[in-house]
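Student: Put together the whole structure using the sequences plus the hints.
Throughout the sequence shown, residue numbering follows numbering that gives the first Met the number 0, covering 0 to 244 in sequence.
Note that these hints are calculated values from the structure, not bench results. The beta-carbon is built from N, C-alpha and C at its ideal position, and this holds for glycine as well. Any given hint could turn out to be false.
As the list claims (entries may be wrong) - Pair by pair, the computed Cβ-Cβ distance ranges are:
{"#": "1", "residue 1": "S210", "residue 2": "A30", "range": "53 to 59 Å"}
{"#": "2", "residue 1": "Q182", "residue 2": "R39", "range": "40 to 46 Å"}
{"#": "3", "residue 1": "K129", "residue 2": "W243", "range": "24 to 30 Å"}
Unchecked claim - The list that follows gives simulated cross-link-like pairs (lysine-lysine, DSS-like), each with its CA atoms no further than 30 Å apart:
{"#": "4", "residue 1": "K70", "residue 2": "K139"}
{"#": "5", "residue 1": "K139", "residue 2": "K125"}
{"#": "6", "residue 1": "K125", "residue 2": "K87"}
{"#": "7", "residue 1": "K87", "residue 2": "K139"}
{"#": "8", "residue 1": "K139", "residue 2": "K129"}
{"#": "9", "residue 1": "K87", "residue 2": "K129"}
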Amino acid sequence: MTAPVFLADLTSAATGTRVRLDGPEGRHAAAVRRLGSGERVDLTDGQGALAECVVLTADRDALELEVLLRKDFPAPTPSLTVVQALPKGDRGELAVDLLTEVGVDRIVPWAASRCVTQWRGERGEKALDKWRAHSREAGKQSRRPWFPLLTDQQTTRQVADSLAHASAAYVLHESAVTSLAAQEIPYEGSVVLVVGPEGGISDEELAVFTSAGALPVRMGPTVMRTSTAGVAAAALVLARAGRWS
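Tutor: Structure follows, in structure tokens:
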């Protein structure tokens, strides 16, 4: 059984030092997981650092830990961004969970013109907070040293700017004649994938994206849901780019 992972500030955590896990993460470890002396725990800051620890003492809402080994991982390359149009219901959280677990580095909520769901005002802020919470939990569950950046909601023009600056950019589209599997994925730089909403990407949006340098591509003979198309495409890109080698 692998050690549970908790999010912590590892600025001063070096091999052989002691650290205290408190706050919400500490309360969860001590009160919910009921971790005790001698048990293994891993800490990450979500920014490349991972500390393998053992519990020295536990109280009601915190753990005292000894760092057995600290590891620092470089940022993965090429970086992979998935622009995710806002799905209906809880499918957005599902998409974020899967994209995080598979290894995506940046997730961009996109307000596509055909999105049924609309993020406005306080409702939008709560929805974004929920996506970020799901990403953090999925990052811990999948034992990622680098958690994905989940940006604020972006417009079509903002997405197009990201596409223009990418090393390679693709738009998943059911009418595309080119297959994503046939593309030469770069081993360095940045790759951006755009996933449309349930109603599809409009002709105007597709024109903006292709003008910015993105290539429309298809995944295969079937049409996938917006909440799962991104993870399938991301898995293909990560494998082809050497990230899974």
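Student: Please work out if K87 and K129 have their alpha carbons no farther apart than 30 Å.
Tutor: Roughly 14 Å between the alpha carbons, so the hint for K87 and K129 holds.
Student: Sort out whether K139 lies within 30 Å of K70, counting only the CA atoms.
Tutor: Given pair K70, K139 holds - Cα atoms ~16 Å apart, limit 30 Å.
Student: K125 and K87 were given as a pair; does the straight-line alpha-carbon distance stay at or below 30 Å?
Tutor: Distance of about 15 Å is within 30 Å: holds.
Student: Is the hinted pair K139 and K125 satisfied, with a Cα-Cα distance of at most 30 Å?
Tutor: This hinted pair holds, its Cα atoms lying about 21 Å apart.
Student: Would you check the hint for K87 and K139, treating anything up to 30 Å between C-alpha atoms as holding?
Tutor: 25 Å, holds
Student: Between the beta carbons of K129 and W243, is the distance compatible with 24 to 30 Å?
Tutor: 29 Å, holds
Student: Is the hinted range of 40 to 46 Å satisfied by the C-beta distance from Q182 to R39?
Tutor: About 42 Å separates the Cβ atoms of Q182 and R39, which means 40 to 46 Å holds.
Student: Honestly, do S210 and A30 meet the 53 to 59 Å range at C-beta?
Tutor: 54 Å, holds
Student: Going straight from one Cα to the other, do K139 and K129 come out at no more than 30 Å?
Tutor: Holds: K139 and K129 sit about 16 Å apart, inside 30 Å.
In this structure, every one of the numbered hints holds.
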